[in-house]
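Peer 1: Each chain, written out:
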Amino acid sequence: MPEVYPKSTPRLRRLALAVAVATAFALVAFLWQPWLQPAPGYQIATVQGEHRTVQLADGSSVALNGNSRLWIASANGREAELLRGEALFNIRHNAQRPFVLRLGDDRIQDLGTVFNVVRDRQSLKVEVVEGAVSYRRGGNGLQLNAGQTLDILPTGDAAVGRKRPSAIASWRAGQLVYEGVPVAEVAKDLGRNLGVTVSVAPGRALQPFTGSVHIAGHAREVVPQFASTIGARARQSGGDWLIE
Amino acid sequence: MRVRSAERIIAFALLLALSTPAAAAPIPFDIRADTLGQALIALGQQAHITIGLTDPQAAATRSRAVHGRMELRQALTKLLAGTGYTFIIRGGAVRIVRAVAERPHPMPSSPKVHPARPVASEEIIVSASKQHVALTQFGGTVQVIELSRSDLSRVGAQGSEAILARLPVLASTSLGPGRDKLYIRGVADSSFNGPSQSIVGLYLGDVRLTYNAPDPDLSLYDMDRVELLEGPQGTLYGNGSLGGILRLVPKRPDFAGVSGFASAGGVTTSHGGTGGDASGMLNLPLVANKVVLRAVSYASRNPGYIDDIRLDRRDINRTDTVGGRAALRIDPGDDWDIEIGVLAQGISGRDGQYALSTLPPLKRAANFAQPFDNDYRLGSITVRKQLHGMELVSATSLVQHDLETRFDATGFPGTSGPQLFVEDLGITMISHETRLSRANARDGGWVGGVSLVHDIGDVSRKLGPANALVSLSRLRNVLTEAAVFGQYSHPLTPRLLLTVGGRMTYNREAGGLVDEAADMNESKRESLRFTPSAAMTFQLARRSVAYVRFAQADRAGGLAISDGGTVRRFETDSLTSMEAGIRLGQLSRERLAFSASVSHARWKDVQADLIDPAGLPFTANLGDGRINGFEMEAAWRPVRELTFELATFVNESSIHTVDSELFPLEGGDLPNIADAGARGSVQFQRQLGPGVTLGLTGSVRYVGKSRLAVGDPLNLKQGGYAQADVGARLDLGRIGVSLDVTNAADVRGNRFSLGNPFSVTQGNQLTPLRPRTLRLGVDATF
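In the order they appear, the protein sequences are chains A and B.
Per our numbering, the first sequence starts with residue 1, numbered consecutively.
Per our numbering, the second sequence starts with residue 1, numbered consecutively.
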């Protein structure tokens, strides 16, 4: 009788090859890890509606909201710049190597912190959830503690305010939370989160809004819903919305 | 009678759909007595809705506490009681108004207005919809299996078998891994392999895997989920999606950092041998946030359990699988996303997995080993680009698929002595699809695209004594298919969405004997076909939807070339289906989720791969068939630790032959589909300590009786068994240890009455269930 089963050597060889490849992968992974950290500076960008969390080398993390761009510097990952948009920084404090966030010419230095930053073309907002940060502009500086917010207005004026830490960075849950915030501010946040322009009729712009806005959706749903909640109407022309 | 009962089922389902109160979506609330402003913030966050006010006086009013699970309206009513304010729900937004000053809607009791809510981020997206439609809004019958780390380590080594075990609506033949045909929702043409186009479209992400080959049975390692889109999918997936499509969605290379996964297991089968499996995955960013590589490789040995008493070999049906995938993902910026993938998998079955009913259990007697090889290689590139709310996807792939089959053909007409049959099938396939879509289920949306498939199949068949094989034939089939397709959704009302679509397909097939002397002496055939579809979805509640759908798919006619060289044409077959279904709730949010659908399909000129009296394959049109089906899935989580699931599929079908000369019979069920199938499972999960979780699973699966083929002598019974599986896994964080017992009761059953087409007419072949099998596994992430 002829040999019933052909020799299984090729199969064994393939098996051995697969095991070898798997081992090689594992080995490369372990060897690679330490070399991966000193990557040069890089940029991370998100598109509208995208949320992305970036782990930094030291265990810190940055959560990026949609339409945002972040640059993370160099060797130790302890320096970054928010180029536009919104991000929540959860920074491991290290007194020897403080984390520095650049915002154009301004700088934020962490003092052991979770903080949210919003930057658009004209204005800047820093909100501290936990710990504290030190904010520096030119020779001036101030310290912001948990629950404190700083608004840099287009005029260059700065205003320090308060916000419940639980209401800060609520964008991460797809839900924006406000306590007595002018409707115009809410509209600006909606616009940034949805990638559209939302303006408010002058009569309503300063009304203080308290509530919660569900933003996980399309502007065609979210903006009219918000308008209807405050008893207004939303009109669309092109990519622009007007709440009146 | 049977038709009437199907009508009753449809009527029942519609009644169920209509009687479901739209707002029956209770939400767990936990709101303290506070100022109204704070209470509304909490309520909005808990219900994921937009709510609030602009009146500082109202915001400062004291409001009541609300605790417990209830509907939004009920919660609002409680919250606002005694505040002097009431609410209006309109267009998904809640407005708080003064109760006295304005009361146009004093607590509307009709369920007409319900907050229609945008898609939440944790929602399951049906990517097979090509429009990113959320499962809770999808107008069609779809099964989504999300594969957890535990699933990957425990059933990763298995391919389609793991999916078959979970979904009663999915069925298959059972020749062995890598050589089976899949069926969805009772749409089955025949039990035999052959050149006609598959009835189920198989995809890996956006890439098409096969045209007319058996299921390559890709391992599930490093897959994110499996989507089974039921019913004809002619519009979106084209020809060969009569039963539906099965889409394996791999995990995408992740820019976030280096990560890995490894698993290993040892397997032993009662009355059989031992085996094992191992896998390793690595996700490796090469250039931070620009280039990332993800690769997985695996090997497994599935023990055999059948003995051949003539060859005096034990556990002959052992199967080895070796394979790997690698994907390189590039983010060149500007919202482009490029993924280049390669995949290779080899399955080799040492011998067929059938036994003979005339011998003691798990025994058979053959003159030769009947090994099988399935080598599958795939290269692909997928490009995505986001443009102003639209998505462009272009996927191109090249497949090389080689199958080698050996059968003991002793007794072949005109021969004497032991005869061996060897078939080599080589397939080269190029496929491409480019589509542009706008994703938004609620406001409508659209998708349009072009697709192209070019498939070359070479088959060579040899027969003779083992050392003196003679070529029976060498055939070549070349197929080209080009299509344009589009689908558009339009909201008729905020809750009612109409979707229409269609596909125009040009198909060209050429085939013939490959001569030693001449190149090819070929016949040609061309066709142009249009397949329409339409669907209506109605959003019953936030996570509940009802739908009706009409769809069509067909398989182009072709050329059946016999081994003698005669060319026989077979006609295009076409399946038209109507279905209605509902899907209520989502288990991640509610305690109860339920879905059900009924379908009625008419199948004209059923194409089927068959075998002639000698055992050689040929293709023909059987006749006209129809299938009525009902399916249901329910999941219930009474407490957080415990989940029950139940799924069932019942159907009745018939086929009436037209060619009485070829098939002397007047009707009967479609082959290989059981009238009923069901699966029940229970899962228990409990945290034992910090970072230690114990998971227990148990399931019972029933597969009803079916028959191998239409008409004597192949009208052989099969199926009719229940199998129980149990398992446990201890999750220790980075490491997990699992123990699984499949077929725990060691039940004997016959899955499939075919193992060798040359002697199947003797009616004594059966495919025993795998006896009780134990797997001890370990997995780790880093």
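Hints are supplied without guarantee of correctness; some may be wrong.
Derived Cβ-Cβ restraints for the label pairs, each shown as a range [to be verified]:
no., chain 1, residue 1, chain 2, residue 2, range
1, B, P494, A, A159, 53 to 63 Å
2, A, S199, B, A728, 55 to 65 Å
3, A, P202, B, G448, 37 to 47 Å
Derived from the structure by calculation, the hints contain no laboratory data.
Cβ atoms here follow ideal geometry from the backbone N, Cα and C, with glycine treated the same way.
Peer 1: Could you run down the list of hints and mark each one as holding or not?
Peer 2: Now the hints, each set against the structure:
1. For P494(B) and A159(A), the hinted distance range of 53 to 63 Å is not satisfied, since their beta carbons lie about 41 Å from each other.
2. Taking 55 to 65 Å as the suggested C-beta distance range, the pair S199(A) and A728(B) conforms, at roughly 59 Å.
3. One distance hint, 37 to 47 Å for the beta-carbon pair P202(A) and G448(B), holds here, with the actual separation near 43 Å.
Checked against the numbered hints above, the structure breaks only hint 1 and satisfies the rest.
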